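Engineer: Work the whole structure out from these sequences, hints included.
Note that the protein sequences, when read in sequence, are chains L and P.
So the first sequence is residues 1 to 296, counted in my numbering.
So the second sequence is residues 1001 to 1308, counted in my numbering.
No lab work stands behind these hints: they were computed from the structure.
In this text, all values refer to a predicted model and were calculated from it rather than measured experimentally.
Quick reminder that beta carbons are idealized off the backbone N, C-alpha and C, glycines included.
Hints are not guaranteed to be accurate.
Calculated from the model, a selection of chain P residues having no Cβ within reach of chain L, i.e. all distances over 12 Å [claimed, not checked]:
1. Lys1014
2. Ala1020
3. Ile1061
4. Glu1090
5. Asn1096
6. Ala1129
7. Glu1278
Simulated coverage check for chain P against chain L, where a stretch passes if three residues somewhere in it have a Cβ under 8 Å from a Cβ of chain L [to be verified]:
8. 1053-1059
9. 1280-1290
A short, non-exhaustive set of chain P residues, derived as facing chain L with CB atoms under 10 Å [said to hold, decoys possible]:
10. Val1085
11. Thr1087
12. Thr1093
13. Gly1148
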Amino acid sequence: MRNLFRAEWIKIAGNRWVAGCLIWIFPIGAVAFFAVAGLVLALSSSARTGLRQDEVFLWTEQAIGVWNFPNNPVGRLILLGFTAVVFAGEYQWQTWKNVVPRNRRAALILIKFLALGAFVVLAFSLMSALWTAGWAVLTRIADVSYGPRITWAVLQDFGEDYALAAGLAFTSTLIAAGYAALAAMLTRSILGGVIAGFALTFVENLSIVALMLIGWFLDIPRIVHLYRFTPGYNLINVASWINDNAPNTMRPFEESKYSDIVFSDSLGFSVALLALWVFGLIALTVTLFQRQDITS
Amino acid sequence: MSTEIAIETRNLCKTFGRRASKRIEAVKHLNLEVRAGQVYGFLGPNGAGKSTTIRMMLDLIHSTAGDVYLYGRHVHRHHEILRRVGTLVEGATFYNFLSGRRNLEVLARTANCYDPRRIEQLLEQVGLAERANQRVKRYSTGMKQRLGLAAALLSDPDLLILDEPTNGLDPGGMHEIRTFIRRLVDEQGKTVFLSSHLLGEVEQVCDRVAIINLGEIVREGAVDELLAGKSTLRVEARPLQRAAEVLRQYWPIVTNETWLTVSASHEDSPHVVRRLVEAGVDVYQVAAQRQTLEEYFLAVVRENGSHA
Chain L
1 MRNLFRAEWI
11 KIAGNRWVAG
21 CLIWIFPIGA
31 VAFFAVAGLV
41 LALSSSARTG
51 LRQDEVFLWT
61 EQAIGVWNFP
71 NNPVGRLILL
81 GFTAVVFAGE
91 YQWQTWKNVV
101 PRNRRAALIL
111 IKFLALGAFV
121 VLAFSLMSAL
131 WTAGWAVLTR
141 IADVSYGPRI
151 TWAVLQDFGE
161 DYALAAGLAF
171 TSTLIAAGYA
181 ALAAMLTRSI
191 LGGVIAGFAL
201 TFVENLSIVA
211 LMLIGWFLDI
221 PRIVHLYRFT
231 PGYNLINVAS
241 WINDNAPNTM
251 RPFEESKYSD
261 IVFSDSLGFS
271 VALLALWVFG
281 LIALTVTLFQ
291 RQDITS
Chain P
1001 MSTEIAIETR
1011 NLCKTFGRRA
1021 SKRIEAVKHL
1031 NLEVRAGQVY
1041 GFLGPNGAGK
1051 STTIRMMLDL
1061 IHSTAGDVYL
1071 YGRHVHRHHE
1081 ILRRVGTLVE
1091 GATFYNFLSG
1101 RRNLEVLART
1111 ANCYDPRRIE
1121 QLLEQVGLAE
1131 RANQRVKRYS
1141 TGMKQRLGLA
1151 AALLSDPDLL
1161 ILDEPTNGLD
1171 PGGMHEIRTF
1181 IRRLVDEQGK
1191 TVFLSSHLLG
1201 EVEQVCDRVA
1211 IINLGEIVRE
1221 GAVDELLAGK
1231 STLRVEARPL
1241 QRAAEVLRQY
1251 WPIVTNETWL
1261 TVSASHEDSP
1271 HVVRRLVEAG
1281 VDVYQVAAQR
1291 QTLEEYFLAV
1301 VRENGSHA
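Structural biologist: Here it is, written out as structure tokens:
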């Protein structure tokens, strides 16, 4: 398995354009941002004053905030592109025919997910470290405080929050990767994988609206409860549990005769649902690949 | 030659397309037995089902019916048997953004048989050692083909399944590969299953051949047996067209710009001359020659029809 992982790593890292534009762009982007911002702050006193008037800067928040990037549309699109290259690339380069006879199909797919996850974690950990250090430099230039002071208790709290935020981002990335991998396998094209993967993510996010409309038209409002089983809702709910130690209370039909429909699920429910989605999507990709004919 | 059976297909079928109007039967009830320790040629016109059969042997595509066994093990149920197989399928394709050496490393690691010394040895053997660090994107077709052969040999396999291994090679390169294949079999006891459209090449290197047409095996046997007694007569006569009209009534012929190849035995020579003289055709030469595999193949394919 170690050899297989190493092979996948070489393939991804060796594709410099893809790795550079879709993975290393995150830490490189952070460095570029701080180089420009540092220069502006060093040269402009008004910029330094402006920064002093801004909110309080906490390194703990900067380090953790980076992990929200995979969930924003641009970050999501970049990661979908990366996943599509990892999975559909083998079809486009016609390399499956060399690879498939050399190992089990299930292992080949599982290792792709593992390598993809490792790259994402590495890129965002690096970005998080650079982002935290970058703000330390900027606040030093602008002479702004950059707390909190490092104590054992602070480090312990930070460690827990960091792990949860990173875990959530990783789960959300794996789910998006699952969509993109499925799409890439079905379309056998990188572009097809990106478009279909993005469409699947979009449809999932909009499914609440579709369910509400169906509920209205058919007068079966309880159908909207299906949304509680989507990854999107459960990611929000887990985030709410992490940040506020309480469920994310959601009322789809606010101020209507159906206002009694409320989503307010436990952390256990959401974690189990997310685990099911991750394993389900990976299992579906493996099953699809097991049955697929490699004709190119 | 060993009595062990390296490849066996039983009633192997593959149909593409679900709708009746688009359904194509690429391979029909194919039964094949390849003994270990020989070079086995697999011939057929384009679209005959060669590549589909090879892909089923490598578990790349699933058969609609029937089974493939490699060394007695069902290839789909015992995927690990493919560790004894080296492959080069339909033109060598690689990760263009990686160097030749890196490509071999990726494939060796995928097969869990990574050995840097073996890679260097193979690069040397196929003549790519000096350009091994160059990206494959810059390789010529011939170089890619050589790299493909090196990749096929990475795990020191017992069986090599090669689909058009000399594509893109110059005559010198082709000769080298032919000698290389023969040596693998004669000196190391390996088995080679070779698909090629270069029939001269197949004739020189193969012990046995199977000819597939429209998804079915139409001939199978040792090359010498298939061509035994299949001599032809080369006839030079004027006017050539008249000679062709006369002889076509009695024997199958292939016309050329300057001579005719008549599928007839040496004993038929006097009859051929008599027919031509009686028709007022001047005969310059009638020479018996052994039928080549190419002529035999064309005759078989014509006899069985083809969509090529």
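Engineer: Hints numbered earlier in the text: which of these fail when held up against the supplied structure?
Structural biologist: Those not satisfied are hints 1, 3, 4, 5, 9.
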